[in-house]
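Engineer: One letter stands for each residue in the lines below.
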Amino acid sequence: MTTSKYLMYLEDDPIELMKFKMAFKEVQQDIAITSYKNGLEGWEHLIANSNNLPQIIVLDLRMPIMNGFEFLEKLKSNVTFRKIPVIVLTTSDNENDILYSFDHQVAGYFVKPFSTEDYNEIILKINQYWETSKIPL
Amino acid sequence: MANYQHILYLEDDAIDIKNMQWLSQQIDTIQLHILEDLSEVDTFLQSHTIDLIITDQYVQHSHFSEYISAFKNIPYVVLSNSDLEKSAVLTSQPIIVLSKPLYLSAFEELCIKKEVNSVEQPTDEYFDTITDISMKNEMLKLLTEEFKNAVTQFPKLIAQQQTREARNLIHKLSGKFSLLKMKQAYNSSRNLEKELANGIFNTTKATDLLQKIKQVSTYLDSKFAIHDSTDY
Chain A
73 MTTSKYLMYL
83 EDDPIELMKF
93 KMAFKEVQQD
103 IAITSYKNGL
113 EGWEHLIANS
123 NNLPQIIVLD
133 LRMPIMNGFE
143 FLEKLKSNVT
153 FRKIPVIVLT
163 TSDNENDILY
173 SFDHQVAGYF
183 VKPFSTEDYN
193 EIILKINQYW
203 ETSKIPL
Chain B
11 MANYQHILYL
21 EDDAIDIKNM
31 QWLSQQIDTI
41 QLHILEDLSE
51 VDTFLQSHTI
61 DLIITDQYVQ
71 HSHFSEYISA
81 FKNIPYVVLS
91 NSDLEKSAVL
101 TSQPIIVLSK
111 PLYLSAFEEL
121 CIKKEVNSVE
131 QPTDEYFDTI
141 TDISMKNEML
151 KLLTEEFKNA
161 VTQFPKLIAQ
171 QQTREARNLI
181 HKLSGKFSLL
191 KMKQAYNSSR
201 NLEKELANGI
211 FNTTKATDLL
221 QKIKQVSTYL
231 DSKFAIHDST
241 DY
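From first to last, the protein sequence lines are chains A and B.
Counting from 1 along the first sequence, just add 72 to a position and that's the residue number in the numbering used here.
Counting from 1 along the second sequence, just add 10 to a position and that's the residue number in the numbering used here.
In short, the hints are calculated from the structure, not lab data.
Glycine included, C-beta positions come from ideal geometry on N, C-alpha and C.
Check each hint, because a few of them may be wrong.
Stated by the list, open to error - With a cut-off of at most 20 Å between alpha-carbon atoms, the simulated EDC-like pairs for lysine to aspartate or glutamate come out as follows:
| # | chain 1 | residue 1 | chain 2 | residue 2 |
| --- | --- | --- | --- | --- |
| 1 | B | K191 | A | D175 |
| 2 | B | K158 | A | D85 |
| 3 | B | K204 | A | E113 |
| 4 | A | K184 | B | E135 |
| 5 | B | K146 | A | D84 |
| 6 | B | K182 | B | D134 |
| 7 | B | K182 | B | D231 |
| 8 | B | K193 | A | E98 |
| 9 | B | K158 | A | E167 |
| 10 | B | K224 | B | E175 |
| 11 | B | K191 | A | E189 |
| 12 | B | K182 | A | E88 |
| 13 | B | K146 | A | D85 |
| 14 | A | K146 | A | D175 |
| 15 | B | K182 | A | D84 |
| 16 | B | K146 | A | E113 |
| 17 | A | K93 | B | D138 |
| 18 | A | K93 | B | D142 |
| 19 | B | K191 | A | E167 |
| 20 | B | K193 | A | D175 |
| 21 | A | K93 | A | E113 |
| 22 | B | K82 | B | D134 |
| 23 | B | K182 | A | D85 |
Unchecked claim - Chain B regions said to be covered by chain A (calculated; three or more residues, Cβ under 8 Å):
| # | segment |
| --- | --- |
| 24 | 142 to 155 |
| 25 | 181 to 187 |
Claimed, not checked - Taking beta-carbon pairs under 8 Å as the criterion, some of the chain A residues facing chain B (in silico):
| # | residue |
| --- | --- |
| 26 | D85 |
| 27 | P86 |
| 28 | E88 |
| 29 | M90 |
| 30 | M94 |
| 31 | R134 |
| 32 | K148 |
| 33 | F186 |
| 34 | T188 |
| 35 | N192 |
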């Protein structure tokens, strides 16, 4: 990883990943996307790159091996990593999932919508957040 | 009142005929006519008014498409055990392809709830907007494989009432229905996933969703699988 600024996306579904990349590319061409298929792979990336952490993590909740909740718990328990803002992007609109996520200090929680237009709008908002918010280095 | 009252069913299998007779008996307004030989369709339609034709893919070893001109402009549905042959897709345009056995809910949806031609169809509009051809091809390939696998796996999960595995499978598919602009299928899969998360396995709903999965698989297979190594 040579890029200093990048987004990490944890998503096990390759089609969802491609959909995200295409939508993100429409609004932001300067930021790299690093992706992993589950929480464990994402966690291992953080451990191996602790001097070059992602500025933001976009997180799916339902993944094999280590799901989004387990990853979130691990991340927020770590002094070095817990400052990385996490945005949940999921199909789940379950109230418990939302509560659990905010209990673990997520920066945002977005439910994947049916229409592509609405999905692109969410990606635009995530990018605007990235561009306008102060993020700890 | 049914939108389609006079239905002609083209079938040579006794069990399938019996099933269709039972289905039509569940709806008072339906009048079912049955022919076991496609060569009789032309003569039959000269003396009968038919709103809808439901045909097996093969009747007495003849493919329905060989007799498509006899159907005139009557809307028709293909009901088959196997995928629709690609040549048939290209030379004739069924409103929808349904898999056997036909269940009452699907039959009602076909005949009562809405016009046949408004039965939800997948579209590739989303993929038309993708300018990165290699990514588009990769997405379509994965999508085709995923639905094909689901057609194989989901019936087993239904039969064995495997709640967790069924939930995982449906969870992955719901987003794909949105890519194909299938709102009803998307909602059905979301609702079923929620029920499965609560430990409820509704076999009827699962079977209805399986029909939609098969419909998409047939669509993807006929539309994209034949172009495996070229641009879509």
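Engineer: Each hint should be assessed against the structure and marked as holding or not.
Structural biologist: Hints versus structure:
About 34 Å separates the Cα atoms of B:K191 and A:D175, which puts this hinted pair outside 20 Å; it is violated. This hinted pair checks out: B:K158 and A:D85 have alpha carbons roughly 16 Å apart, not beyond 20 Å. Between B:K204 and A:E113 the alpha-carbon distance is near 28 Å, which puts this suggested pair outside the 20 Å criterion. In summary, the hint linking A:K184 to B:E135 is supported, as the alpha carbons are separated by about 19 Å, within the 20 Å threshold.
With a C-alpha separation of about 18 Å, the suggested pairing of B:K146 with A:D84 holds against the 20 Å cut-off. With a C-alpha separation of about 18 Å, the suggested pairing of B:K182 with B:D134 holds against the 20 Å cut-off. Distance hint between B:K182 and B:D231 is fulfilled; the C-alpha atoms sit about 19 Å from each other, no more than 20 Å. Only pairs whose Cα atoms come within 20 Å are accepted, and B:K193 paired with A:E98 is rejected, the gap being roughly 25 Å.
Straight-line distance between C-alpha atoms of B:K158 and A:E167 comes to about 33 Å, which puts the hinted pair past the 20 Å bound. With a C-alpha separation of about 18 Å, the suggested pairing of B:K224 with B:E175 holds against the 20 Å cut-off. For the hint pairing B:K191 with A:E189, the CA-to-CA distance comes to about 12 Å; that is within 20 Å, so the pair holds. Using a Cα cut-off of 20 Å, the hinted pair B:K182 and A:E88 holds, with the two alpha carbons roughly 9 Å apart.
Restraint check: the Cα-Cα separation between B:K146 and A:D85 comes to about 15 Å, which is no more than 20 Å; the hinted pair holds. Restraint check: the Cα-Cα separation between A:K146 and A:D175 comes to about 13 Å, which is no more than 20 Å; the hinted pair holds. At roughly 10 Å between alpha-carbon atoms, B:K182 and A:D84 fall within 20 Å of each other, so this suggested pair holds. Using a Cα cut-off of 20 Å, the hinted pair B:K146 and A:E113 is violated, with the two alpha carbons roughly 26 Å apart.
Among the hinted pairs, A:K93 with B:D138 is consistent with the structure: their alpha-carbon atoms are about 16 Å apart, no more than 20 Å. Restraint check: the Cα-Cα separation between A:K93 and B:D142 comes to about 11 Å, which is no more than 20 Å; the hinted pair holds. As the CA atoms of B:K191 and A:E167 are separated by approximately 26 Å, the hinted pair breaks the 20 Å bound. With a CA separation close to 32 Å, the supplied pair B:K193 and A:D175 exceeds the 20 Å bound.
Simply put, A:K93 and A:E113 have alpha-carbon atoms about 19 Å apart, close enough for the 20 Å limit, and the pair holds. For the given pair, B:K82 sits about 28 Å from B:D134 by alpha-carbon distance, which is inconsistent with the 20 Å threshold. Only pairs whose Cα atoms come within 20 Å are accepted, and B:K182 paired with A:D85 is accepted, the gap being roughly 8 Å. Taking a C-beta to C-beta cut-off of 8 Å, the segment 142 to 155 of chain B contributes 6 residues in contact with chain A, enough for the three needed, and the coverage statement holds.
Residues of the segment 181 to 187 of chain B with a Cβ under 8 Å from some Cβ of chain A number 5, which satisfies the need for three, so the listed coverage holds. A distance limit of 8 Å between C-beta atoms decides the matter here; for A:D85 the minimum to chain B is near 6 Å, and the interface restraint holds. Contact between A:P86 and chain B, as hinted, is supported at the beta carbon level, the nearest pair being about 6 Å apart and thus within 8 Å. Hint status for A:E88: holds, given a least beta-carbon distance of 6 Å to chain B, under 8 Å.
Interface hint status for A:M90: upheld, as the beta-carbon distance to the closest one in chain B is roughly 5 Å, under 8 Å. Among the interface hints, the one on A:M94 holds; its C-beta lies about 7 Å from the nearest C-beta in chain B, closer than the 8 Å criterion. For the restraint placing A:R134 at the interface with chain B, the shortest Cβ-Cβ distance is roughly 6 Å, inside the 8 Å limit, so the hint holds. Of the supplied interface hints, the one on A:K148 is violated, with its beta-carbon coming no nearer than about 24 Å to a beta-carbon of chain B, more than 8 Å.
The criterion of a C-beta within 8 Å of any C-beta in chain B is met by A:F186, whose closest approach is roughly 5 Å, and the hint holds. A cut of 8 Å between beta carbons decides the hint on A:T188: the least distance to chain B is about 6 Å, and the hint holds. For A:N192, the interface hint is violated, the least distance from its beta-carbon to any beta-carbon of chain B being 10 Å, above 8 Å.
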